[in-house]
Amino acid sequence: MTTRVHELGTLRSAPDWVWYAGVIVAAVVLWLAYGQLIPFSEWVTSLLPVARDSHTGEAIAFFVYDVPKVLLLLTGIVFVTGVLRSWFSPEKTRAILAGKREILGYPLAALLGVLTPFCSCSSVPLFIGFVSAGIPLGVTFSFLIAGPMVGPVGLGLLYGLVGWQIATIYLVFGFMIATFAGWMLGRMGLERYLQDWVRELNAGPVGELPEERLTLADRLKIGLEQVREIVGKVWIWVLIGIGIGAAIHGYVPEEMMLRIMGGEAWWSVPAAVVVGVPMYTNAAGVIPIVEALLGKGAALGTTLAFMMSVIALSLPEMIILKQVLTYRLIAIFVAVVSMGILATGFLFNALL
Amino acid sequence: MKNVKVYGPGCKRCETTEVMVRDAAANLGIEVDVEKVTDPRSIAMAGVMSTPGISVDGKLVHVGGLPDAAKLEGWLTA
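Residue numbers (numbering that gives the first Met the number 0), protein chains in the order written: chain X, 0 to 351; chain U, 0 to 77.
Don't read these hints as lab results, they were simulated from the structure.
Incorrect hints may have been included.
A few chain U positions that, by computed beta-carbon distances, are all more than 10 Å from chain X [said to hold, decoys possible]:
#1 M0
#2 E17
#3 L27
#4 G28
#5 D32
#6 K35
#7 R40
#8 I42
#9 M48
#10 S49
#11 T50
#12 V55
#13 D56
#14 L65
Computed beta-carbon distance windows for the label pairs [to be verified]:
#15 V18/U <-> E254/X: 38 to 44 Å
#16 L213/X <-> A77/U: 18 to 24 Å
#17 I235/X <-> N26/U: 45 to 51 Å
#18 K70/U <-> T55/X: 51 to 57 Å
#19 H54/X <-> K70/U: 52 to 58 Å
#20 G294/X <-> T76/U: 22 to 28 Å
#21 C10/U <-> A50/X: 43 to 49 Å
#22 L213/X <-> C10/U: 54 to 60 Å
#23 M255/X <-> G9/U: 40 to 46 Å
#24 A32/X <-> C10/U: 28 to 34 Å
#25 I29/U <-> Q35/X: 31 to 37 Å
#26 E316/X <-> V18/U: 26 to 32 Å
#27 I29/U <-> A334/X: 37 to 43 Å
#28 D52/X <-> C10/U: 55 to 61 Å
Glycine is no exception: its CB is placed at the ideal position from the N, C-alpha and C atoms.
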């Protein structure tokens, strides 16, 4: 999802030093605001006519604390990611992957899936671009799984809201699932289940673009543009997610949570996947829910399985991919990725 | 008259790109025929992997996001 400079009006022509200074000032302001979150949320809650230790008081405190926190984190993460990703593009990634041995291709594709800017709206042209350049189908899948699954937004929020341990576990297992699911799909020889017209395509890429030279200030502009676009788009999901998280935090009794999502109930992991796949939100919306679930004593494996299936497997994405994949291939894809998610869930419920 | 194609499946940025192309042409006072390509197959066949992309008279000039207004005018006058 690279976005070039646009609509920034007079800012666009501002000299570079204004950009550097602006970014530093903004970082300091965000950081200072981040330190005031707890006093702020307690102050707001105390203004309302509810007892702080009531169910409603707990829910409101959670909401008022999490909304500014998630929005601040999201802004920072999206900006940094936007700047870093300006060094990558689908074209460069394809060139890197096309020349690699297949076995190296899987982990590399998973890694590049995280770093390459691309929006789900262009996943079809991207898919065709990869496959027609001779990149194996399995490697292409590794790329497509890793992108949403181990996205920086999800990781960064997990780090800020739940802690670095769980963020690291998520990173490692998400990356492994993308690598191994791609490898398994590659071994199955599924090319015949592509839509007919995709198989007949063997025209390589025709467009050769001169690489644009970007200055550091240009990259900062790209980062800012990303913040405007992404935060402007996902804030509603963030509010809904935090609302659900707040309701869980305030009202759901711990013993009920233990019964449904506790480690004792073996069926909780598959149930979490079944519930999670059709649910559609983005990482920014689901992580406040994860925070509340873990806080109430939900088992880590079950929660990881829920989060991964919400983020990595989504119905709208399947509908987009339907243009290039047959139902059969989509079903195999979902089954393989779900198996990886289930294995992760069971593993952590058994370990902890 | 220049033939400009805007490649994109119909996301918001693709529409913005089309408007930007028309604005740039109006600014320069040149006539352009803007065609939107939304079919994923045609997008991919044109060599575009990240949308929106732009081609001018059959030559791909830009992919992967909103174009820079100054560069856009450059492509249209080239």
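Here is how each hint holds up against the structure:
1. Interface exclusion of M0/U from chain X stands, the closest Cβ pair being 22 Å apart, more than 10 Å.
2. Annotated as non-interface, E17/U keeps its C-beta farther than 10 Å from every C-beta of chain X; the closest such distance is 13 Å.
3. With 10 Å as the threshold on Cβ separation, the claim that L27/U sits away from chain X holds: the shortest Cβ distance comes to roughly 18 Å.
4. No Cβ of chain X approaches the Cβ of G28/U within 10 Å, the least distance being about 22 Å, so the stated non-interface status holds.
5. The Cβ of D32/U sits about 20 Å from the closest Cβ of chain X, beyond the 10 Å cut-off, so the non-interface label holds.
6. At roughly 14 Å, the least C-beta separation between K35/U and chain X is larger than 10 Å, which holds for a residue marked as non-interface.
7. For R40/U, the shortest C-beta to C-beta distance to chain X comes to about 6 Å, within the 10 Å cut-off, and the non-interface label is violated.
8. For I42/U, the requirement that its beta carbon stay farther than 10 Å from each beta carbon of chain X is not met, with the minimum near 5 Å.
9. A Cβ of chain X approaches the Cβ of M48/U within 10 Å, the least distance being about 4 Å, so the stated non-interface status is violated.
10. With a closest Cβ-Cβ approach of about 5 Å to chain X, S49/U is found to fall inside the 10 Å limit, against its non-interface label.
11. Distance to chain X contradicts T50/U as a non-interface residue, since its nearest Cβ pair spans about 4 Å, not more than 10 Å.
12. The claim that V55/U lies off the interface holds: its Cβ sits roughly 12 Å from the closest Cβ of chain X, which is beyond the 10 Å cut-off.
13. For D56/U, the requirement that its beta carbon stay farther than 10 Å from each beta carbon of chain X is met, with the minimum near 14 Å.
14. Interface exclusion of L65/U from chain X breaks down, the closest Cβ pair being 4 Å apart, not more than 10 Å.
15. Taking the beta carbon of each, V18/U and E254/X are about 57 Å apart, not inside 38 to 44 Å as hinted.
16. For the hinted restraint 18 to 24 Å between L213/X and A77/U, the CB-CB distance of approximately 21 Å keeps it satisfied.
17. Between I235/X and N26/U the CB atoms are about 35 Å apart, so this pair departs from the stated range of 45 to 51 Å.
18. K70/U and T55/X have their C-beta atoms about 55 Å apart, which keeps the hinted 51 to 57 Å range intact.
19. Take H54/X and K70/U: their Cβ atoms lie about 57 Å apart, and the range 52 to 58 Å holds.
20. About 60 Å separates the C-beta atoms of G294/X and T76/U, a value inconsistent with the hinted range of 22 to 28 Å.
21. Between C10/U and A50/X the CB atoms are about 47 Å apart, so this pair conforms to the stated range of 43 to 49 Å.
22. Taking 54 to 60 Å as the suggested C-beta distance range, the pair L213/X and C10/U does not conform, at roughly 23 Å.
23. With their beta carbons about 44 Å apart, M255/X and G9/U fall inside the hinted range of 40 to 46 Å.
24. Distance hint check: the CB atoms of A32/X and C10/U are about 32 Å apart, consistent with the given range 28 to 34 Å.
25. For the pair I29/U and Q35/X, the supplied restraint of 31 to 37 Å is violated, since their beta-carbon distance comes to about 54 Å.
26. For E316/X and V18/U, the Cβ-Cβ distance of about 28 Å falls inside the hinted range of 26 to 32 Å, so the restraint holds.
27. One distance hint, 37 to 43 Å for the beta-carbon pair I29/U and A334/X, is violated here, with the actual separation near 54 Å.
28. Separation of D52/X from C10/U is about 47 Å and departs from the stated range, judged on CB atoms against 55 to 61 Å.
This entry does not satisfy hints 7, 8, 9, 10, 11, 14, 15, 17, 20, 22, 25, 27 and 28, going by the numbered hints stated previously.
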